[in-house]
Amino acid sequence: MNKHSLMVACTILFLVRISFASDLAWSNADEYTVEGRSFDDRASTWDRLPVRARGVVRDPVWNLSRHSAGIAVRFVTDSPSISVRWKLTSDSLAMPHMPATGVSGIDLYAKTPGGWRWAACGRPSGVENTSTLVQGLRRESREWMLYLPLYNGVESVEIGIDEGASISPAPERAKPIVFYGTSITQGGCASRPGMTHVAILGRRLDRPVVNLGFSGNGRLEPEVGRFLVEIDAEVFVLDCLPNLDGPSTAERTVPMVMQIRDSHPDTPIVMVEDRTFCDAPFSERNRKRNRGNREAFRQAYEDLISDGVRGLIYVQGDDLLGDDGEGTVDGSHPTDLGFMRQADALEPSIRQAIGSGDDG
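Numbered according to the numbering used here, the sequence shown spans residues 322 to 681.
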């Protein structure tokens, strides 16, 4: 291609992009129903902890809280097409064991008579991204849910619809299910944001969820608990054992449960054991670690029950990833298969917790 032809091609591409943008009406996503974001005093629109947490929680927790894991935007539109523009805070789009669509991508679901259904994934190519997610739909009103990136922050998110179409916030839902955990809770290593067990359970139960997963830093810390208990939750889920050993589990479990119980005397608390490492049959070290933190966690649970603490539901870890060794990318972090299995394992206990909360 000669220089003249190249210039003509670039000009046409530029004009096509201008035409594409001008045919859409854009609005900020935070004008609609935002779930997974529990605090009003944020340093940035899409942070997970309040600005007050800076200097209270450890720096790694604060930095990870600026990732938008678990945050979702729900809206209703009759537009035949939906596009999204999102600007990331980091150009680290992917990780060696997790694709860019999970780390930095956008995931769109539609509500149907049979439940939530995946529709499209926005694939990032840089810090600034624009993607047509769906097009050619019938002109009828639908409810949508847009999940934000798991391991990146977002500076801005905009939703684009056809000129003349309507868009409005979706109805508010019940109190959230709040998950406090590790890199697994945050979403490592889902292929896209809607495939974490936290998101899957939110859709199955038709409940908002709050994802307070902090990669490598879910340690049952009272500094995090201070903000956790500010959330008016329907259920709290504690899933921090992958970042703890036996002694730290023994030291921190009872204080964390009591920190929650002091502020929420009747809210159910689901206590989740560590998942079994998929390489455990070949690693005595990992078998020992599983035994150590599980024994300490179980003992803490039994001590709490003996002391009269009620509303606790205990989930064993053996079934979280299945028993065939196929549920992770690295023996620890789930693939989509592993996350689906984890959702399957947790769903009965969380449904039980919701029912006990309704009764109480």
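Keep in mind the hints are simulated off the structure, nothing from the lab.
Don't take every hint at face value.
Computed Cβ-Cβ distance ranges for the label pairs, DEER-style [stated by the list, open to error]:
#1 Arg606 <-> Arg631: 35 to 41 angstroms
#2 Arg672 <-> Pro492: 18 to 24 angstroms
#3 Gly629 <-> Ser477: 47 to 53 angstroms
#4 Arg444 <-> Asp380: 26 to 32 angstroms
#5 Asp600 <-> Gln456: 19 to 25 angstroms
Backbone N, C-alpha and C fix where the C-beta goes; we use that ideal spot for every residue, glycine too.
Ascending list of hint numbers which this structure does not respect: 5
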